[in-house]
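There are 2 protein chains.
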Amino acid sequence: MTSAGPFAFRVEARAGEARAARFETPHGAVSTPAFMPVGTRASVKGVRPDELRALGTEMVLCNTYHLALRPGSERVAELGGLHRFMGWDGPILTDSGGYQIFSLQALTAVDEDGATLRSVVDGAAVRFTPEIVMRLERELGADVVMALDHCPADPVDRAQVADATARTHRWLERCARAWREAGGVAGGQALFGIVQGGAFDDLRAQSVEAVTAHDLPGYAIGGVSVGEDRVAMRRAVAAAAPRLPGDRPRYLMGVGTPLDLFEAVLAGVDLFDCVTPTRHGRNHQAFTWEGRLNLRNARFERDAAPLEEGCDCPACTRFSRAYLRHLCQAGEMLAAVLLTQHNLRFFHRCMAEMRAAVVAGRLEELRARIERAQGRGAAAE
Amino acid sequence: MTSAGPFAFRVEARAGEARAARFETPHGAVSTPAFMPVGTRASVKGVRPDELRALGTEMVLCNTYHLALRPGSERVAELGGLHRFMGWDGPILTDSGGYQIFSLQALTAVDEDGATLRSVVDGAAVRFTPEIVMRLERELGADVVMALDHCPADPVDRAQVADATARTHRWLERCARAWREAGGVAGGQALFGIVQGGAFDDLRAQSVEAVTAHDLPGYAIGGVSVGEDRVAMRRAVAAAAPRLPGDRPRYLMGVGTPLDLFEAVLAGVDLFDCVTPTRHGRNHQAFTWEGRLNLRNARFERDAAPLEEGCDCPACTRFSRAYLRHLCQAGEMLAAVLLTQHNLRFFHRCMAEMRAAVVAGRLEELRARIERAQGRGAAAE
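Heads up: the sequence lines are chains A and B, in that order. First residue of the first sequence? That's 1 in this note's numbering, and the numbers climb one at a time after it. First residue of the second sequence? That's 1 in this note's numbering, and the numbers climb one at a time after it.
Same shape as in the complex, but just chain A (with noise of 0.2 Å):
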């Protein structure tokens, strides 16, 4: 166990690489292996924070960027900070940008003191340097703060990779720098320092041994979810997690589907956030033990059960697939609203599964259960 201020870790159970641990921040502690919804803009798509409550989130993750822009750092600490701003009070992890520098990279200059990006909302330039982002992760006053990083646009291109991530250490050193200065952990925020390294196993092993040299109360790989395939994205998990200190909490930034998370899991990861249960959920999507549906599919039209038999979400416990499937047709809003609720509370109970068997000793006996889940299977056709 690691008591770092306001923030604890305490792993309660191991299998192989997998931990089940207890993450305390200061606004409530949240058990591992867990998903962290994505609330971009303070907001997890049509889903209130008690309701989130009731479907098993324990932390969110908001965005510095599009905070930063709309409705602005200040105006939130103004308004008393993103848990009262938002109306959730559990923990919030907020990014550092970092991510938009890689995913607007054509609207964006990267230099040495920091990178130029372009504002989604207006299009002017926005300046993000770590010390930047670290003030703008300050105001908007989360429990987890990730560094600024530099994701490479391309992980396999060598150069390119280690130019990256030699610059997310160089900041990352100016983050620590202006987190301590602000108090450190005592200031009520953990700073996350993130691992680059790209596809390259090498790279990844420096990059966890340059990050991990600053005693950080927690760490994360990033670069992972990038558009490489699920091999290297593995391969990427399996060359960093395990080295990352074992009593601090490991995040993977951005992943992803079920076995995504089983497999990281395995490799010894505890916290993820990843839009697939929203977006999908938004797009006809339900994910079930059984594989994916696609609710549009004409098979659901007379099908009066629900998503899932068993699930006690706010869609399967009132609603059968015919109306769900009616909803998606008629572009109605509340499919959205139920998909993504059952999709949500689904992502948690994979989350306690895969707790429930770290704990049990058996999480490989889980992979059968999850790789169906995964699939596209007869339900799914």
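Honestly, I wouldn't trust all of these hints.
Here are the in silico distance ranges between beta carbons for each label pair [what the hints assert, rightly or not]:
hint, chain 1, residue 1, chain 2, residue 2, range
1, B, A125, A, R296, 22 to 28 Å
2, B, E301, A, E371, 48 to 54 Å
3, B, D229, A, R84, 42 to 48 Å
4, B, A77, A, G123, 50 to 56 Å
5, A, G310, B, A368, 52 to 58 Å
6, A, G72, B, A77, 40 to 46 Å
7, A, D154, B, A304, 31 to 37 Å
8, A, A356, B, G28, 41 to 47 Å
The hints are simulated quantities; they were obtained by calculation from the structure and are not laboratory data. In this text, a Cβ means the ideal position worked out from N, Cα and C, and glycines have one as well.
The hints should help you fit chain B onto chain A, whose structure is shown.
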């Protein structure tokens, strides 16, 4: 009191023409005056049935034309009827498609036997006759089914209004026959006839006479929310409502704003439906006792107050105007969901105030509050 099979209408208090009553249906009772949220395609946009119930909804309206096209009335019947299909166990009213004859008139051909409309789903021809509509509504299975009416395109063209109104009466004859043949109220459905007559007091009075010549469980006033001004609308309601039998529910179709509802209650109307609260909610507008608020207005940027002090809706009990404004500005789905719920709660609170004022015999004392709510008061600018 009138008791017609499972349908009873009990007037509990009167104040002038206004009444407070209790309308019983096979799926429960409704305290009137009452507002029915519009669930065109078997969903009140963005709101679950259990949430509607918590907001104070007692009865909802669904649309026969849209549901007949998709998913089809036979499909709904197969799946157990509309209540089961949409998960709402309270009373439901289905309109008849008459409004679509009006609103889709460019695509509609009316003849003596019925009307041929175009499907908004696939452009196919859709035939509506009194007999067909009665079958569709029987398959859907609502508690209250509306007769097929012909709403004139121009309420001030006397020849056109006289023609459409006479046709409405002939169609009602056929609707009533089909309904009686299916068992009448013993079949579990109450048929409501619709008064037309446009902007002409004498034609309205004649229409009341023709429609009430049929002994039906309730009567509606149609053709008053079709673009005419408020004065004309009130006049048409005043010409019809007090002439309808005092011991049956009176339903004013498609109206309106809080002040419209108040005026109609004064004239003796009991039931209302309108898209106003839901559509405005999706367009950043919130109703309050201080007037309507446009949440995109910059004045709410730093406003930590709820939409309305003392409101018990999910938006007001959890979120600030500043946060709701942020959701509107960012185009977040949750804005529409929350503002819709607030507006429905507001409309139900308005109706509850009117009912209490009827019981207390102080309806006119409510006028100033309703007019204030109606306005774009200081709070809205």
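Hint check results:
no., hint, result
1, A125(B) - R296(A): 22 to 28 Å, "holds, 25 Å"
2, E301(B) - E371(A): 48 to 54 Å, "holds, 49 Å"
3, D229(B) - R84(A): 42 to 48 Å, "holds, 45 Å"
4, A77(B) - G123(A): 50 to 56 Å, "holds, 54 Å"
5, G310(A) - A368(B): 52 to 58 Å, "holds, 54 Å"
6, G72(A) - A77(B): 40 to 46 Å, "violated, 53 Å"
7, D154(A) - A304(B): 31 to 37 Å, "violated, 46 Å"
8, A356(A) - G28(B): 41 to 47 Å, "holds, 42 Å"
Going through the hint list in order, the structure does not satisfy hints 6, 7.
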